[in-house]
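Enquirer: Residue strings, one per chain:
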Amino acid sequence: EPEVTQTPSHQVTQMGQEVILRCVPISNHLYFYWYRQILGQKVEFLVSFYNNEISEKSEIFDDQFSVERPDGSNFTLKIRSTKLEDSAMYFCASSEVGQGKVQYFGPGTRLTVT
Amino acid sequence: QQQVKQSPQSLIVQKGGISIINCAYENTAFDYFPWYQQFPGKGPALLIAIRPDVSEKKEGRFTISFNKSAKQFSLHIMDSQPGDSATYFCAASPGGNMLTFGGGTRLMVKP
Chain A
1 EPEVTQTPSH QVTQMGQEVI LRCVPISNHL YFYWYRQILG QKVEFLVSFY
51 NNEISEKSEI FDDQFSVERP DGSNFTLKIR STKLEDSAMY FCASSEVGQG
101 KVQYFGPGTR LTVT
Chain B
1 QQQVKQSPQS LIVQKGGISI INCAYENTAF DYFPWYQQFP GKGPALLIAI
51 RPDVSEKKEG RFTISFNKSA KQFSLHIMDS QPGDSATYFC AASPGGNMLT
101 FGGGTRLMVK P
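Residue numbers (the working numbering), protein chains in the order written: chain A, 1 to 114; chain B, 1 to 111.
No wet-lab data here; the hints were simulated from the structure. Glycine is no exception: its CB is placed at the ideal position from the N, C-alpha and C atoms. Mixed in with the good hints there might be a few duds.
Derived DEER-like restraints, expressed as beta-carbon distance ranges [claimed, not checked]:
| id | chain 1 | residue 1 | chain 2 | residue 2 | range |
| --- | --- | --- | --- | --- | --- |
| 1 | A | Lys78 | B | Ala70 | 40 to 50 Å |
| 2 | B | Gln72 | A | Gly16 | 36 to 46 Å |
| 3 | B | Gly60 | A | Glu3 | 16 to 26 Å |
| 4 | B | Lys58 | A | Glu1 | 21 to 31 Å |
| 5 | A | Thr5 | B | Ser65 | 31 to 41 Å |
| 6 | B | Asp53 | A | Gly16 | 41 to 51 Å |
Generate the whole structure from the sequences, applying the supplied hints.
Expert: Written as structure tokens, this is what we have:
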């Protein structure tokens, strides 16, 4: 069964450093998303991406964040200057055209900012 | 208005029993209501979903009941099994594709 994959599974970085989280969505999906989950809290929407553009973004997704589809298979989330409060589990999700709300999540990347 | 409130926060059910998790929302623009199951260290997995034009949807042991007038929906897990022990999240989506998640319910099914 096709699935969303994410790398790395765990990333430790120092405050102020840039990090790039990588995702490979399901191959025939064209909608891509990033969500985050701070430990013990609910899953929060960050951004959606379609046709090489941001479709929607939340208040969390400020100028420190950016997304990119650098090639035909990868989808990345960049955090330019990490803060302690960016420590969370980051989930990538994808969905088919016409089924944008039916989202399939990857296993997540645990980001720890020290 | 964008919030989805989920209860209870935790639930313990005996094997074979019925697990019931409830969610409530305010935003009438929500038009898609999925439930996700999450095991420790894993991403949320889509379990079942409903749209507001139906009042109930059943898939195997999992049923969503939807009350549009009360702005509430619930997940029922029939014949609960220890393997169902996980955290369950309700979610809702407005006109776009953004999902707004509830706070989660940690379910433990005792053998």
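Enquirer: Looking at the structure, which of the earlier hints fail to hold?
Expert: Hints that this structure does not satisfy do not exist here, as all of them hold.
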